[in-house]
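Student: If you want the building blocks of each chain, they are given just below.
2 protein chains.
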Amino acid sequence: MSIRIGIMGYGNLGRGVECAVKHNPDMEVTAVFTRRDPQSLHPLTSTAAVYPAAEAAQHKDEVDVLILCGGSATDLPEQTPEYVKYFNVVDSFDTHKRIPEHFANVNKAAEETSHIGIISVGWDPGMFSLNRMYANAILPGGHDYTFWGKGVSQGHSDAIRRIDGVKDAKQYTIPVPEALEAVRSGKNPDLTTREKHTRECFVVCEEGADQARIEQEIKTMKNYFDEYDTTVHFISQEELDRDHSGIPHGGFVIRTGSTGWEDENSHVIEYSLKLDSNPEFTSSVICAYARAAWKMAQEGQKGCRTVFDVPPAYLSALSGEELRRTLL
Amino acid sequence: MSIRIGIMGYGNLGRGVECAVKHNPDMEVTAVFTRRDPQSLHPLTSTAAVYPAAEAAQHKDEVDVLILCGGSATDLPEQTPEYVKYFNVVDSFDTHKRIPEHFANVNKAAEETSHIGIISVGWDPGMFSLNRMYANAILPGGHDYTFWGKGVSQGHSDAIRRIDGVKDAKQYTIPVPEALEAVRSGKNPDLTTREKHTRECFVVCEEGADQARIEQEIKTMKNYFDEYDTTVHFISQEELDRDHSGIPHGGFVIRTGSTGWEDENSHVIEYSLKLDSNPEFTSSVICAYARAAWKMAQEGQKGCRTVFDVPPAYLSALSGEELRRTLL
Chain W
1 MSIRIGIMGY
11 GNLGRGVECA
21 VKHNPDMEVT
31 AVFTRRDPQS
41 LHPLTSTAAV
51 YPAAEAAQHK
61 DEVDVLILCG
71 GSATDLPEQT
81 PEYVKYFNVV
91 DSFDTHKRIP
101 EHFANVNKAA
111 EETSHIGIIS
121 VGWDPGMFSL
131 NRMYANAILP
141 GGHDYTFWGK
151 GVSQGHSDAI
161 RRIDGVKDAK
171 QYTIPVPEAL
181 EAVRSGKNPD
191 LTTREKHTRE
201 CFVVCEEGAD
211 QARIEQEIKT
221 MKNYFDEYDT
231 TVHFISQEEL
241 DRDHSGIPHG
251 GFVIRTGSTG
261 WEDENSHVIE
271 YSLKLDSNPE
281 FTSSVICAYA
291 RAAWKMAQEG
301 QKGCRTVFDV
311 PPAYLSALSG
321 EELRRTLL
Chain P
1 MSIRIGIMGY
11 GNLGRGVECA
21 VKHNPDMEVT
31 AVFTRRDPQS
41 LHPLTSTAAV
51 YPAAEAAQHK
61 DEVDVLILCG
71 GSATDLPEQT
81 PEYVKYFNVV
91 DSFDTHKRIP
101 EHFANVNKAA
111 EETSHIGIIS
121 VGWDPGMFSL
131 NRMYANAILP
141 GGHDYTFWGK
151 GVSQGHSDAI
161 RRIDGVKDAK
171 QYTIPVPEAL
181 EAVRSGKNPD
191 LTTREKHTRE
201 CFVVCEEGAD
211 QARIEQEIKT
221 MKNYFDEYDT
231 TVHFISQEEL
241 DRDHSGIPHG
251 GFVIRTGSTG
261 WEDENSHVIE
271 YSLKLDSNPE
281 FTSSVICAYA
291 RAAWKMAQEG
301 QKGCRTVFDV
311 PPAYLSALSG
321 EELRRTLL
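So the sequences go chain by chain: W and P.
Our numbering puts the first residue of the first sequence at 1, with every later residue one more than the last.
Our numbering puts the first residue of the second sequence at 1, with every later residue one more than the last.
If you are wondering where the hints come from, they were derived from the structure by calculation, not from laboratory data.
Certain hints may be false.
Put simply, identical chains are the same to the list, so a pair is met inside one copy or across any two.
[Claimed, not checked] Computed cross-link-like contacts, SDA-like style, restricted to lysine to any residue with a CA-CA straight-line distance of at most 25 Å:
#1 Lys60 - Ala317
#2 Lys108 - Ser319
#3 Lys22 - His143
#4 Lys22 - Asp144
#5 Lys150 - Asn188
#6 Lys22 - Glu217
#7 Lys97 - Ser46
#8 Lys22 - Pro140
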């Protein structure tokens, strides 16, 4: 019997979940919940039912794990504590500094209703967090570095699109190669924001817009660009659509540290991702944790969890015996 | 109160454990057990008692977790199932194909006596296994690649030293850069043993030994060298001591796989280690798992575990709250 997956919110992430489930024979998408008109929505999975989001609770018996595909700004802080009352849930809440508060809210509702809620799943937070944590436990007293990219930042692309005269835009975050090399060499450099990443923008203007002003507005935009070296390219909509339609991303988590009685030996632990599709990879991580949520619920566990709490084997469709024989 | 660590066997790994414990303020080494004359052994930790290995069981109340630092060929298959009767234990058993049998033996003794035994801890098996497993769960249907090095293989160095006329030797395993690049590019190449790694040997001969014969014997040695492109350098003992006294190692675990409804997007997950000291890094991983063993034992858990079974947070000295706030 497969694990029945429900999808709340059918955007890039929701479609990514469908694709990930297709790669996992022990899972199936049984329901998609949407705030749009259900009639207008045609999931890739022909057997999945489409329901209004408002009626989700009525369908709790059709779903083993509900995957919440909303945004972290306003959707998930409301949705995760609400839906965990009816379902085991997994979300990808990624506002790092609000995680403790989100955890507390989800945990309370999940404990009261005996469900499992795994929050902040994906790659950062998610796999990057896990690698930071493992590396910290192995090399206490070391130095942590996280680099993002090369990849598309949706937030920065959106910020450019809000500028007057801009029709469309895509922004890439790029790690500075020299900074990466200095970190890998074990030099433990202190790096400023500017020294770690550069930003590259591809911008389509409205006809007759003032490119010089737009470039200036981008480069001086507070919190988004002012602390970075930013390059701006003006291109046509055709070029943007042809060359920049993907959503690649990735990055590097590096920890350096020393061992030995007098700290005489150095070590470098590095984890990196190179992703063609940020939402599809995130969804693939989420699906593995949906399996874990289901196993934990089957055991009678309840409450909120993060990637730090889940035994790795729970993510796998293989048995403990198979894992030890083939992957240990 | 700190976690009291016992060390069974005081070689490179045992000394590495002492150094790792020094970096973890919540742990202390209270006892070292040895098959040598205890009087002849002087641990780096001045407060640690030294006892004969044969009397270990008598000192079970002085130790919370016993770390077994023997070899996988003959020591650990005997020692781990035996000592887990008296202690919570961690070992670094690394004969991959005998892991299922070792697990069963340790599990039986651990369950009968209500202890925790975590086996096969280190980096391969260990951190590399974990990364293979996580990546497999995230990208089912992908391809796995593990490369080792650049690093010293003790087994291959020993094999060279057994050749007639050889006084001393050190062997390095080196990943082939072109193979690594082909894998990272997502080409999913089928690589032969010869295409993945080369072997480089630094050999000190007895006076008057036949170098041509020795080189030939090395390069044709079954299972060790015959399937590799091997380079042999003859050097003096002084050069070997000066330039090749370290025990560096490391390697790469890479998984490539695709996502999307039609597998249209590719992804590369890479984990790598660059280690100045193989035994000290292994010991550092072991110490983090000793903390986990202690937490599991405190909860009343019993039986055999591997890195696949241990929730990541158990490795850390930080609380769940601190972990979520600082590393998620």
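Student: Hint by hint, say whether it matches the structure.
Tutor: Status of each hint after checking the structure:
1. Lys60 - Ala317: This pair counts as within: shortest intra-copy Cα distance 24 Å, inter-copy 39 Å.
2. Lys108 - Ser319: between (31 Å within a copy, 19 Å between copies)
3. Lys22 - His143: Cα proximity of lysine 22 and histidine 143: across copies only (18 Å, versus 39 Å in one copy).
4. Lys22 - Asp144: between (36 Å within a copy, 20 Å between copies)
5. Lys150 - Asn188: both (22 Å within a copy, 22 Å between copies)
6. Lys22 - Glu217: neither (44 Å within a copy, 52 Å between copies)
7. Lys97 - Ser46: For lysine 97 and serine 46, the Cα distance exceeds 25 Å both inside one copy (39 Å) and across copies (43 Å).
8. Lys22 - Pro140: The answer is between: 10 Å across copies meets 25 Å, while 40 Å in one copy does not.
Of the numbered hints stated above, those contradicted by the structure are hints 6 and 7, listed in ascending order.
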